[in-house]
Amino acid sequence: MQDLSTALALFQYPFMQRALIGGVLTGLTGGLLGSFTVVRQLSFFSDALGHSALLGISIGIVCGLSPSVVVLPFALLFAIGVTYLLEKTDLWTDALLNIVYSASLAIAVIILSSEGSYQGGISNLLFGDILALQTTDLWVSAVLLLGCSAFIGLTLRTQMLLTLHEPLAIARGVNVYAHRMAFMVLLSLVVATAIKAIGVLLVGAFVVIPACAARSLSRNFSSYILLSAMLGALSAAAGSFCSALFNVPSGPSIVVTQLILFLAASTGLLRRTRLV
Amino acid sequence: MGRNHPHIPPLPSEPILSVEQLTVRRGQQAALQDVSFDLVPGTDAAIIGPNGAGKSTLVQSILGILPRESGAVTLLGHRLNAKGQLPGEVRQQVAYLPQNFLVDRRIPLTVKELVALGWDKLGLQLPWAKAKARQRAVQQALERVEAGHLGRKFISALSGGETKRVLLAYCLVRSRQLLILDEAPAGLDVRGEADFYQLLYELKAEQGWTILQISHDLDMVRKHCDRVICLNRRLMCQGVPETALAPENLSATYGSEFVRYRHNRHAC
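Chains as they are written, first to last, in my numbering: chain A, 1 to 276; chain B, 277 to 544.
Don't take each hint at face value.
Said to hold, decoys possible - Coverage of chain B stretches by chain A, computed from C-beta distances (three or more under 8 Å per stretch; other residues unrestricted):
(1) 336-350
(2) 364-377
(3) 380-392
(4) 399-411
Said to hold, decoys possible - Not close to chain B: a few residues of chain A, all C-beta gaps over 12 Å, as computed:
(5) Thr-6
(6) Leu-8
(7) Pro-14
(8) Val-62
(9) Gly-64
(10) Pro-67
(11) Ser-68
(12) Asn-98
(13) Ile-111
(14) Ala-132
(15) Leu-146
(16) Met-181
(17) Cys-242
(18) Pro-249
(19) Ala-264
(20) Thr-267
Claimed, not checked - Counterexamples of contact, computed for chain A against chain B with all Cβ distances above 10 Å:
(21) Ser-5
(22) Phe-11
(23) Gln-12
(24) Ser-66
(25) Leu-91
(26) Leu-138
(27) Trp-139
(28) Arg-180
(29) Leu-186
(30) Leu-234
(31) Leu-245
(32) Ser-266
The set of hints was computed from the structure by calculation and includes no laboratory data.
Predicted model only: the values in this text are computed from it and were never measured.
All residues carry an ideal CB built from backbone N, CA and C; glycine is no exception.
Same shape as in the complex, but just chain A:
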């Protein structure tokens, strides 16, 4: 463990500043979309997309393209494909996602095993490397945060009614398919962007854990959404700092911080200490 001043001094380095900003932006966006993802029982979607992204990345490697270039269009295709299949088949969401992600993962492993030169990069893909974020990554995250905030903010009542009761929303003239598709596409882009920093194995936590913590603390739906985004940002900032303090990997450190916040919220500890 480093002392406090050494840990704080680390944030003078640009790569640590980028990691902190990137984490906070991803935390905010993940928490914002996560609030709807969790109550719509789509938590497994972010995990499935994370795992399936390996297929996109491995195809990119075979074609000689950078993973960052391939992962966004792949995520878009994944969102459109899964939403289409959900609409056209009569299957349960988790079962369909399981089929898609298991198959994607299997094909990805076969492709990567034949690409011996890329074995070293697998660890980065699985667990991410938030310290490797570049300024361009931060811009992409900022634009996504803006887009997601505008989408959720401007269609808030529609999203709430859709989440509560789909037939009621259709009876009010809501185009469920278009809204579902738009939400899935945004969620996919957020997850795909976060993979570089957090990795395919942990990316789901950014969407699910802050929202579950916020659920225990909120007094109404609006505060639930805001709290979920704020807890996402807070855990990213605190997790990045703990990573510097204890000299542990940043992604896992942020997820452990999210877990601590979730446990504190679920057991009522945060309420008793009047932090929220």
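Keeping the supplied structure of chain A fixed, place chain B upon it in accordance with the hints.
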């Protein structure tokens, strides 16, 4: 038809709802075949029929929730298009309460937020737009159904009777012309059901609602409704309760066993 200024309300002689030769398929089977009827403003119509008769299918296809195979539905002078769409202003005039209103009780939605969803127009808008007007309308609607004290509660904390009153506030919070209820009092005990209907008909008298409701309670239908639509995948009969609920019509709709059972039960 003016797209920007839909023609609302209809003239008194014009039907508020018109269903023409509606056919709906579910899989290979026809769930509804050639159903036609009109509702004029102010009517309180009940759809009756055995389980699987297509009652919920009928109201869901009227609202565009289920696709039609053929036939036409016209609401407030506007024809439902092939995709089940209607102008937003027409949608605002119709309130729908689905059967049982099953929602995930873990969703942290308060009563006020639920009722406010009935007030909002659901287009693109800033979340804080018209906040005061919304708040005022929600509070008035909740107080009218004697649920003002429930505003801050989560919907998961409501009893069955409270849920029904809050749902009526959802309908009431904005001026409507047509209420479509799919077995609205389902799940309530006898007392709860009586309270629900008392409140519903007080509100109908105040608001001038036209009501189309699915019901299994033939006594309630006889007491309150002025129009009955008997359904068993086809339109078996329609008319005032005195004729539509006559034994021969009930026998055609439900089967002769039902009429015998009902006759014996009333004789006891």
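Please flag the earlier hints that this structure goes against, numbers listed from lowest up. none
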